[in-house]
Amino acid sequence: MKKLILFVIICLGVGRLNAQSIYQPYSYQFYQKLNREVYNPETRFHTSLKPFFIDDSLLVEHGKQLLSVGVDSTRHSWVARKLFNEHLIDIQKDDYTFYADFLPDFQIGKDFSGKQNTWLNTRGYQIGGTIGKKFSFYTSGFENQGRFAKYYTDYARSINVVPGQSYNRDYGSNAGKMSLDWSYVTALISYTPSKYINVTAGYDKNFVGDGYRSMLLSDVSSPYPFLKLTGNLGSVQYTAIWAALQDPNVTKLSYEAGNRKKGGVFHYLDWNVTNRLSIGFFDSIIWAQTDELGNERGFDWGYANPIIFLRPVEASSGSPDNSMIGFT
129 MKKLILFVII
139 CLGVGRLNAQ
149 SIYQPYSYQF
159 YQKLNREVYN
169 PETRFHTSLK
179 PFFIDDSLLV
189 EHGKQLLSVG
199 VDSTRHSWVA
209 RKLFNEHLID
219 IQKDDYTFYA
229 DFLPDFQIGK
239 DFSGKQNTWL
249 NTRGYQIGGT
259 IGKKFSFYTS
269 GFENQGRFAK
279 YYTDYARSIN
289 VVPGQSYNRD
299 YGSNAGKMSL
309 DWSYVTALIS
319 YTPSKYINVT
329 AGYDKNFVGD
339 GYRSMLLSDV
349 SSPYPFLKLT
359 GNLGSVQYTA
369 IWAALQDPNV
379 TKLSYEAGNR
389 KKGGVFHYLD
399 WNVTNRLSIG
409 FFDSIIWAQT
419 DELGNERGFD
429 WGYANPIIFL
439 RPVEASSGSP
449 DNSMIGFT
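Note that the working numbering has the sequence shown beginning at 129, numbered continuously upward.
Since the hints were made in silico from the structure, they are not lab data.
Among the hints, a few may not be true.
Taking lysine to any residue and the SDA-like style, the derived pairs with C-alpha atoms no more than 20 Å apart in a straight line are [unchecked claim]:
{"id": "1", "residue 1": "K178", "residue 2": "F335"}
{"id": "2", "residue 1": "K261", "residue 2": "P153"}
{"id": "3", "residue 1": "K178", "residue 2": "K389"}
{"id": "4", "residue 1": "K161", "residue 2": "G339"}
{"id": "5", "residue 1": "K389", "residue 2": "Y431"}
{"id": "6", "residue 1": "K356", "residue 2": "M452"}
{"id": "7", "residue 1": "K278", "residue 2": "I259"}
{"id": "8", "residue 1": "K390", "residue 2": "A432"}
{"id": "9", "residue 1": "K161", "residue 2": "N213"}
{"id": "10", "residue 1": "K380", "residue 2": "R285"}
{"id": "11", "residue 1": "K178", "residue 2": "K278"}
{"id": "12", "residue 1": "K238", "residue 2": "D282"}
{"id": "13", "residue 1": "K278", "residue 2": "Q235"}
{"id": "14", "residue 1": "K389", "residue 2": "G430"}
{"id": "15", "residue 1": "K261", "residue 2": "Y340"}
{"id": "16", "residue 1": "K238", "residue 2": "K278"}
{"id": "17", "residue 1": "K389", "residue 2": "Y312"}
{"id": "18", "residue 1": "K210", "residue 2": "Y253"}
{"id": "19", "residue 1": "K356", "residue 2": "I453"}
{"id": "20", "residue 1": "K380", "residue 2": "R425"}
{"id": "21", "residue 1": "K323", "residue 2": "I259"}
{"id": "22", "residue 1": "K178", "residue 2": "G292"}
Please work from the sequences and hints to get the whole structure.
See the structure below:
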């Protein structure tokens with residue numbers, strides 16, 4: 129533990145100032161377009177943990193190019209560019225940046241098996257920026273109503289959650305309707321004191337892995353509060369995440385208590401063995417915040433240790449907590 133504390137102090141104290149770290153919200157489609165750069169055998173980017181904080185000049189420039197594809201300022205009006213191609217508000221200063229957008233999404237389709245029209249009506253926003261060279265922030269929010277295929281609606285109502293989004297408001301004016309009604313927000317603040325370490329607190333989701341789906345943490349869950357520490361040292365990147373989770377499918381102890389709560393700690397070590405080979409090691413522990421009698425357990429400080437492979441700690445405490453360990 130003393131060596132770990134010393135390492136953190138060194139990372140905080142000796143880091144040189146880099147370019148501003150730009151937070152790039154995770155989107156499978158957009159991140160696929162970054163593959164040429166991040167998986168280039170001439171580089172050693174750590175790609176397994178997403179979303180990225182992009183501070184590499186190559187990625188920043190390529191990201192800007194992707195966002196400007198098809199944009200011709202000579203053929204589109206200022207209003208059209210602001211609504212469809214550029215940030216609605218975009219301020220770029222030497223000591224801070226700020227942007228804000230209105231994010232509407234309207235879709236219509238047809239469920240031929242159910243012989244009904246489907247539609248989605250979303251109104252959202254996103255706000256982000258940086259303060260100096262070390263701080264960055266981001267928040268987004270979405271209000272949604274939609275009608276989907278019957279099998280999807282039935283499943284969402286059975287768990288009272290729109291998969292990957294939030295709780296379905298199946299009450300009031302929406303009770304008994306075939307449409308779903310939900311909203312959710314995300315928020316994040318990041319501190320990068322040096323090129324070796326990043327501290328992030330947020331209410332969002334995390335993606336682990338290089339495939340279509342996340343391995344260690346679900347990418348179809350609702351957003352959740354978390355604290356994340358990420359350290360980089362050459363070919364090794366190490367991440368520790370502490371999260372507060374809920375399980376709406378478990379019987380509530382009382383109406384006032386709400387959904388049953390659980391805590392989780394997740395560790396992931398990514399090692400770029402070569403420019404073409406990356407190996408990841410992970411472990412996780414999930415514990416209930418209350419027992420079946422409603423007794424509060426609270427946070428187990430034994431799990432505050434950020435070192436990977438906590439299974440011996442969990443086993444020695446004699447707890448019934450769920451644990452997992454593995455590699456990719």
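Each hint tested on the structure:
At most 20 Å may separate the alpha-carbon atoms for a hinted pair to count; K178 and F335 meet this at roughly 5 Å. With a C-alpha separation of about 19 Å, the suggested pair K261 and P153 falls inside the 20 Å cut-off, and the hint holds. With a C-alpha separation of about 25 Å, the suggested pair K178 and K389 falls outside the 20 Å cut-off, and the hint is violated. Taken as a hint, the K161 and G339 pair is honoured in the structure, with Cα atoms around 14 Å apart against an allowance of 20 Å.
Note on K389 and Y431: the hinted pairing holds, with a Cα-Cα distance of about 17 Å set against a maximum of 20 Å. Pair hint K356 plus M452 holds up; C-alpha atoms about 19 Å apart against a cutoff of 20 Å. Distance restraint check for K278 and I259: the Cα-Cα separation of roughly 46 Å exceeds the 20 Å cut-off, and the hinted pair is therefore not satisfied. Among the hinted pairs, K390 with A432 is consistent with the structure: their alpha-carbon atoms are about 15 Å apart, no more than 20 Å.
Of the pairs offered as hints, the one joining K161 and N213 holds, with about 17 Å between alpha carbons and a cut-off of 20 Å not exceeded. About 17 Å separates the Cα atoms of K380 and R285, which keeps this hinted pair within 20 Å; it holds. A C-alpha spacing of about 32 Å is found between K178 and K278, which places the hinted pair above 20 Å, so the restraint is violated. For the hint pairing K238 with D282, the CA-to-CA distance comes to about 17 Å; that is within 20 Å, so the pair holds.
Proposed proximity of K278 and Q235 is supported: the alpha carbons are some 17 Å apart, at most 20 Å. Our distance criterion of 20 Å between C-alpha atoms is met by K389 and G430, whose separation comes to about 18 Å. With a C-alpha separation of about 32 Å, the suggested pair K261 and Y340 falls outside the 20 Å cut-off, and the hint is violated. Proposed proximity of K238 and K278 is supported: the alpha carbons are some 12 Å apart, at most 20 Å.
Note on K389 and Y312: the hinted pairing holds, with a Cα-Cα distance of about 19 Å set against a maximum of 20 Å. Between K210 and Y253 the CA atoms are separated by roughly 14 Å; this keeps the pair inside 20 Å, and the hint holds. For the hint pairing K356 with I453, the CA-to-CA distance comes to about 19 Å; that is within 20 Å, so the pair holds. Using a Cα cut-off of 20 Å, the hinted pair K380 and R425 holds, with the two alpha carbons roughly 16 Å apart.
A C-alpha spacing of about 16 Å is found between K323 and I259, which places the hinted pair at or below 20 Å, so the restraint holds. Taken as a hint, the K178 and G292 pair is honoured in the structure, with Cα atoms around 16 Å apart against an allowance of 20 Å.
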